[in-house]
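Student: Single-letter residue listing:
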Amino acid sequence: MVAVSLAFLVGAAVLVATQQSPIDVAGAIYEGAFGSSAATLTTLAQTTPLLLVALSFAFAFRAGVFNAGGQGQFLMGAFAGAWAGFTPGLENLPAIVHVPLVMLAGALGGALWTLPPFILKVVAGANEILTTLMMSYVADLANQYLVLDIFRSAHIQAGTNAQTPNLVASARFPELVAGSHLTIMLFLALAAAVAVWLLYRNSVLGFELRLMRTGALLARSSGVQTSRRVFVAMTGSGALAGLAGVALVTGFLGADITPLNTNVGFNGILASLLVSNSPLLIPFAALFFAALEQGGIGLQIFTSTSPYIADVVIATVIVFASARTVPALRPKRLLQALRAMRAEPIVDGRPG
Amino acid sequence: LDTALFLLKPGLQLAAPLIFAGVGGLLSYRAGVFNIALEGFMLFAAFFSVSVAAASGSIWLGLAAGVLSAVLLAVVMGVATSIFMADEVIVGIALNLLSLGLTTYLLTTGGQGAGYIQLNSGLPLFEAPFLDQVPLVSQVINGRDPLEFAAWLSIPLAAFLLGRTKYGLQLRAIGENPVAARAAGVRVGPIRFSTFPLSGFFAGLGGAELALGSVHLFSENMTSGRGIIAFAAVIFGGGGPVAVGIASVLFGMAQAVAGLLQLGSRFPPQFVLMVPYVLAMVALALGGWRRARRLFRSAAEPATETDPAEASALGGTA
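Heads up: the protein sequence lines correspond to chains A and B, in order. When we follow the numbering used here, the leftmost residue of the first sequence carries the number 1, and every step to the right adds one. When we follow the numbering used here, the leftmost residue of the second sequence carries the number 1, and every step to the right adds one.
Take these hints with a grain of salt, some might be off.
[As the list claims (entries may be wrong)] Chain A side only, calculated, beta carbon under 7 angstroms to chain B, not exhaustive: (1) Thr18; (2) Glu91; (3) Leu120; (4) Gly125; (5) Ala126; (6) Leu130; (7) Leu133; (8) Phe151; (9) Phe207; (10) Leu273; (11) Val275; (12) Tyr308; (13) Ala315; (14) Ile318; (15) Ser322.
[To be verified] Residues from chain A that keep clear of chain B, each with C-beta distances beyond 12 angstroms, as calculated: (16) Leu44; (17) Lys121; (18) Leu218.
Honestly, the hints are just simulated from the structure, not real lab data. Quantities reported herein were computed from a predicted structural model and do not represent experimental measurements. Using N, Cα and C, we set each Cβ at its ideal position, and we do this for glycine too.
Full structure from sequences and hints, please.
Tutor: In structure tokens:
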């Protein structure tokens, strides 16, 4: 809560510095996120992909794998899901088959995108934080290529984004409320959160994954096949991020578009970090960030302020929330911390 | 060969920001800090150098403002990780997103409303007409801005700082083993903290060069992963300054090839643009593989304190 309030203060300072009224903007953000029942439903729909990416990050993180490339897996999931949804020959499938097929394709797309980082990590010890980030940039370019050159459709969405053909009706969840983009995908995502929680809490696999976080060496000497568990952690994480892409494509866009101007893949990581990667709390963090994002979009419509202020606030929340000790509240504690700067042995010398 | 010469000019130019950022990352890396916020530092510097230069009309003022903004962001990271004990990767990711959000916000709110800020001119270029007759030398030296030369100089500077000064020795000691360093009387906290403004300074120069150099404009997310690539170059180089320089030139050349292919052919540009990122992943794998081999060797022969690989890893002055 402290982190959130401080982040709002920073956001307000930025607004004042650029001659905008923080109060008007805050009002407009609230209005855009929860101002009407339609807005609230759209915010909930926005929550879905964010929740899934956050869950994806937490799933890997709790097994000691830092998947920083949710954005890339999300993009590939979006494309693969869309592809299964518009590709000719499948339009006659009943929805009961087609929708799961789309979800499977998206999950596979996301999972496949984690394979190069997985292989490089296990074979060569390449740091997965950097390789997954690299894969995100590659995914962005791959998505551009696929949408612009291979599957470009004649008509263009609002804004000047190029898009693939639209998904056929049988490939999409029906909207729960017309015009809201809200589908049962949200409830599936919530169920996934509970599933991840249960997996980590109550299963052998979950225990082994937790052991991985404590240390690969310890896990290995306890009889865990570490490479396989890293595989599970990474591909599972990628699949969840891929499903986030499916949520966006089937819920909002109805097609894969480029440029896909969204930071969902990165904001999801931040949402997970905000609640210390706890699967049961992630939905709330996702809702909070989705409200800021959706409110940011409203901001653009109602005022002339740029929606990116929401991204500033979201990132600032994490900068503050990442503090593990808060010595600054009391001068004495601060002094202690400064002294500890000299005394503190930093054990975590994170190898590259 | 003509193509190779033709690529040399843009290749070296594109390498300069990476060299700066690489040197910044190197100082962090040798102190044991996993600094992926280089990306954010660069983006900050790129934006503030161009916007201040546009507002004040002075390129040099812009340069100073850009570098200062990067240093300030780095200090924020230093405070978060050193005083508030935050995880440097988490803060790094958050700061990267913060800089992306903030620069884009400022660009779309206060800027020219065009999605970019364009300057009339960039940094002055060095020209020595009498060198035009000498093919290779003229390609390398002429038509470059002072920051590019500074980038090259920053490599020996970093080598000197790390290898020949007390500060560098202490910094490396912290990176190798902070507990032992502290036992030996090194003030771990302050020295580790000091690497943040330093890496911000160099990464800031890199971001400023990127923006004020040949293109003299700022556009949304213009660094697009260069900070991360620079850090990959550091890991690939195993923490040696010269290796960082070589890796940076390699990545710069790859970007130049990408630019050339993009203009000249019907080959999809996206694939060419992927090359630097894929190359960085390969470099990370090679770096990781080399480190693993070294560990294996030192485990096999426990008493080899003068093992050349280890010695060069410790020395790193190249």
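Student: Okay, which hints does this one fail, numbers in order?
Tutor: Checked against the structure, the hints that fail are numbers 2, 8, 9, 11 and 17, while the rest are satisfied.
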